Amino acid sequence: MKKRGLRFYTKIYFKIIAQDIKSKMSYRADFIISTIGMIFTNISGFVSFWILFRNFPSINGWSYHEMLFLYGFSLVSITPVQCLFDNNWSLRQQVYTGDFIKYCFRPINLFFYYQSEVFDIKGLGQLAFGIGTMAYSWSKLDIGFSAFMLLKLIVFLITASLIMIALQNAAAATCFWIQNSFYVLDLAFKFKDYAKYPITIFSPVFRFIFTFVIPIAFIAYYPSYVVLRPDEVPLLSWLSPLVGVVFFIISYKIWMRGALKYNGTGS
Amino acid sequence: MKLKKYLSFTRAGIIEEMQFRASFIIMVVGNLLYLIIVYFLWKAIYASSGSEVVNGMTFEDTLIYLVLATALFNFLDLYVVWQIGRDIQSGKIVLDLCKPIEYRKYIFWSYSGSFVTHFFLTFLPTFIVVSAVTHGAIPLGINLLFFMFSVVMAISINYSIDFFVGTICLYTQSIWGINIMKQVIVLLLSGATIPLAFFPEPLKSIMYYLPFQSIYNAPLSILLDGDPSVETLLTTLGTQLFWTVAMLVISKLFWKASVKQITVNGG
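Note that the protein sequences, when read in sequence, are chains A and B.
Just so we're aligned, residue 1 is where the first sequence starts under this note's numbering, counting upward by one.
Just so we're aligned, residue 1001 is where the second sequence starts under this note's numbering, counting upward by one.
For reference, chain A alone in the conformation it holds in the complex (with noise of 0.2 Å):
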């Protein structure tokens, strides 16, 4: 088979999305409800956040607009598993109905015909709720505006979210060995939450778990240093587009792995 280029995967990858918005549009209520559920759930969070800390000025050395901005960072770049990865969560099904052994007989790479079935619309509100929190702390905060920042923040920002679709990846993947993986993907979709927070609360042994073993600590607190603290960067945030890449491809490994290995239910 020969090699297909970038540019053929993402004229293909927008006819398929293209579908897939188009069935979701008949539905119109609930694309509706759901769109509001999704504000529900940001909104939440956010009073959440904001009757923690209110009442503090700071945090273990970090302001409260710090902490908005790290929520704000989180927040985005936990947006692309959301909208682009989200066909993870019907994978358990597919491989127990036996629907799954369908992709394998494409021949277009199966992990991304997989992925680019689903387009889950509803993230750009967590999207643009991110960047408004981003925004409003940053203009809150002393640390001034430069293209060259803005554009450290999207680099950083687009391999954090590498961290998540990782994360979501293997643990969807673990449904080609074990029956039911739906625990196993709701207990990596909830590491989101913890991401939030700046890691120096934890004890050391934590620190180097959620560094190093679930690398959480990699979705909004190191990359977040390069904007925030510019002047006092730690290695860790300078390999972090690395560590997301890096477990980008593991996860890819292991899904593939799992999906060539998939004999179907013989139905």
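Hints listed in this document are in silico derivations from the structure and should not be mistaken for laboratory results.
Mixed in with the good hints, there may be bad ones.
[Claimed, not checked] Straight-line alpha carbon distances no greater than 30 Å define the calculated DSS-like cross-link-like pairs of lysine-lysine that follow:
1) A:Lys102 x B:Lys1092
2) B:Lys1092 x A:Lys24
3) A:Lys11 x A:Lys102
4) B:Lys1256 x B:Lys1005
5) B:Lys1043 x A:Lys140
6) B:Lys1002 x B:Lys1092
7) A:Lys152 x A:Lys261
8) A:Lys190 x B:Lys1182
9) A:Lys22 x B:Lys1002
10) B:Lys1043 x B:Lys1105
11) B:Lys1182 x A:Lys22
12) B:Lys1204 x A:Lys140
13) A:Lys102 x A:Lys24
14) B:Lys1252 x B:Lys1182
15) A:Lys152 x A:Lys102
16) A:Lys11 x A:Lys24
17) A:Lys102 x A:Lys253
18) B:Lys1099 x B:Lys1260
19) B:Lys1256 x B:Lys1002
20) A:Lys190 x B:Lys1252
21) B:Lys1005 x B:Lys1252
22) B:Lys1005 x B:Lys1099
23) B:Lys1256 x A:Lys190
24) B:Lys1260 x A:Lys24
25) B:Lys1105 x B:Lys1204
26) B:Lys1182 x A:Lys24
[Claimed, not checked] Chain A regions said to be covered by chain B (calculated; three or more residues, Cβ under 8 Å):
27) 63 to 74
28) 196 to 209
Keep in mind it's a predicted model, so treat the numbers as computed, not measured.
Cβ atoms here follow ideal geometry from the backbone N, Cα and C, with glycine treated the same way.
Since the structure of chain A is provided, determine the placement of chain B on it from the hints.
Coordinates of chain B only, in the frame set by chain A:
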């Protein structure tokens, strides 16, 4: 005689629950992780507040409250709305409506087995560990009896709310959005994620007028108060009783008015 009929559902539920041991282990791991985060987060909050007591609660109080709230959550939240929604979408609800038992009761009793298993497998062990670790910070006396009453009412209110929300699915056919909205509202306004004492003033008073605080805040405050005044006790339990009856009536009437709405696509 009549109860015996229902208890066979409970038995079936317990047996069914025992089949899913792997998911149970993952749930425990997830909870432990959540509690670790909660522990360090609140420790940091108390450290930066500079005083032992914040909003009338010490660090130990807050932690005990939140640990038990999590345990209570695992035992109360049984995804009933998902079940009703799925029944509606798949059309299975038609068969259930033909059964010689009220649909409301049918769902409740088929979940009662999960209440029993979750009580013994999550709430009780958590309670024992917490009271052993904190050396009697949880008073063990008559309050346990009141707590039992309170939890039974909490189960009822929670179920009525779930059933009410499930009924909305008859109109909207949307499960995810409705369910996520309910979950977010209940978790925030019931005091399950942040103790009520931490909420700012107008919000706190409003919350006492809503049914949600009767689900988590009421039983937990009864449990943790070793020497309650008769007045507090009566107010708390009375409010709960009011909401138990009110929500029961509302959800029953709403169901009765809505059940004619069912449209099931031929199968």
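A quick look at each hint next to the structure:
Our distance criterion of 30 Å between C-alpha atoms is met by A:Lys102 and B:Lys1092, whose separation comes to about 28 Å. Taken as a hint, the B:Lys1092 and A:Lys24 pair is honoured in the structure, with Cα atoms around 23 Å apart against an allowance of 30 Å. In summary, the hint linking A:Lys11 to A:Lys102 is supported, as the alpha carbons are separated by about 21 Å, within the 30 Å threshold. With a CA separation close to 24 Å, the supplied pair B:Lys1256 and B:Lys1005 stays within the 30 Å bound.
For the hint pairing B:Lys1043 with A:Lys140, the CA-to-CA distance comes to about 27 Å; that is within 30 Å, so the pair holds. For the suggested pair B:Lys1002 and B:Lys1092, the alpha carbons sit about 25 Å apart, so the restraint of at most 30 Å is met. Distance check on the hinted pair: A:Lys152 and A:Lys261 sit about 40 Å apart at the alpha-carbon level, beyond 30 Å; violated. At most 30 Å may separate the alpha-carbon atoms for a hinted pair to count; A:Lys190 and B:Lys1182 meet this at roughly 18 Å.
A hinted pair counts as satisfied when its Cα atoms are at most 30 Å apart, and A:Lys22 with B:Lys1002 does not qualify at roughly 51 Å. For the hint pairing B:Lys1043 with B:Lys1105, the CA-to-CA distance comes to about 44 Å; that exceeds 30 Å, so the pair is violated. Of the supplied pair hints, the one linking B:Lys1182 and A:Lys22 holds, its CA atoms being roughly 27 Å apart against a limit of 30 Å. Simply put, B:Lys1204 and A:Lys140 have alpha-carbon atoms about 28 Å apart, close enough for the 30 Å limit, and the pair holds.
A threshold of 30 Å between alpha carbons decides the hint, and for A:Lys102 with A:Lys24 the separation of about 21 Å falls inside it, so the pair holds. Note on B:Lys1252 and B:Lys1182: the hinted pairing holds, with a Cα-Cα distance of about 18 Å set against a maximum of 30 Å. About 41 Å separates the Cα atoms of A:Lys152 and A:Lys102, which puts this hinted pair outside 30 Å; it is violated. Proposed proximity of A:Lys11 and A:Lys24 is supported: the alpha carbons are some 21 Å apart, at most 30 Å.
At most 30 Å may separate the alpha-carbon atoms for a hinted pair to count; A:Lys102 and A:Lys253 meet this at roughly 20 Å. The hinted pair formed by B:Lys1099 and B:Lys1260 meets the criterion: a straight-line CA distance of about 16 Å does not exceed 30 Å. This hinted pair checks out: B:Lys1256 and B:Lys1002 have alpha carbons roughly 23 Å apart, not beyond 30 Å. Under the criterion of a C-alpha separation no larger than 30 Å, the hint pairing A:Lys190 with B:Lys1252 is inconsistent with the structure, at around 34 Å.
The hinted pair formed by B:Lys1005 and B:Lys1252 meets the criterion: a straight-line CA distance of about 21 Å does not exceed 30 Å. Between the alpha carbons of B:Lys1005 and B:Lys1099 the distance comes to roughly 13 Å, so the proposed pair stays at or under 30 Å and holds. Our distance criterion of 30 Å between C-alpha atoms is broken by B:Lys1256 and A:Lys190, whose separation comes to about 37 Å. With a CA separation close to 27 Å, the supplied pair B:Lys1260 and A:Lys24 stays within the 30 Å bound.
About 34 Å separates the Cα atoms of B:Lys1105 and B:Lys1204, which puts this hinted pair outside 30 Å; it is violated. Our distance criterion of 30 Å between C-alpha atoms is met by B:Lys1182 and A:Lys24, whose separation comes to about 22 Å. Counting residues of the region 63 to 74 of chain A whose beta carbon lies closer than 8 Å to any beta carbon of chain B gives 0, which falls below the threshold of three, so the coverage claim is violated. Coverage of a stretch by a chain is defined here by at least three residues with a beta carbon nearer than 8 Å to that chain's beta carbons; for the region 196 to 209 of chain A and chain B the count is 5, and the condition holds.
Checked against the numbered hints given earlier, the structure breaks hints 7, 9, 10, 15, 20, 23, 25 and 27 and satisfies all the rest.
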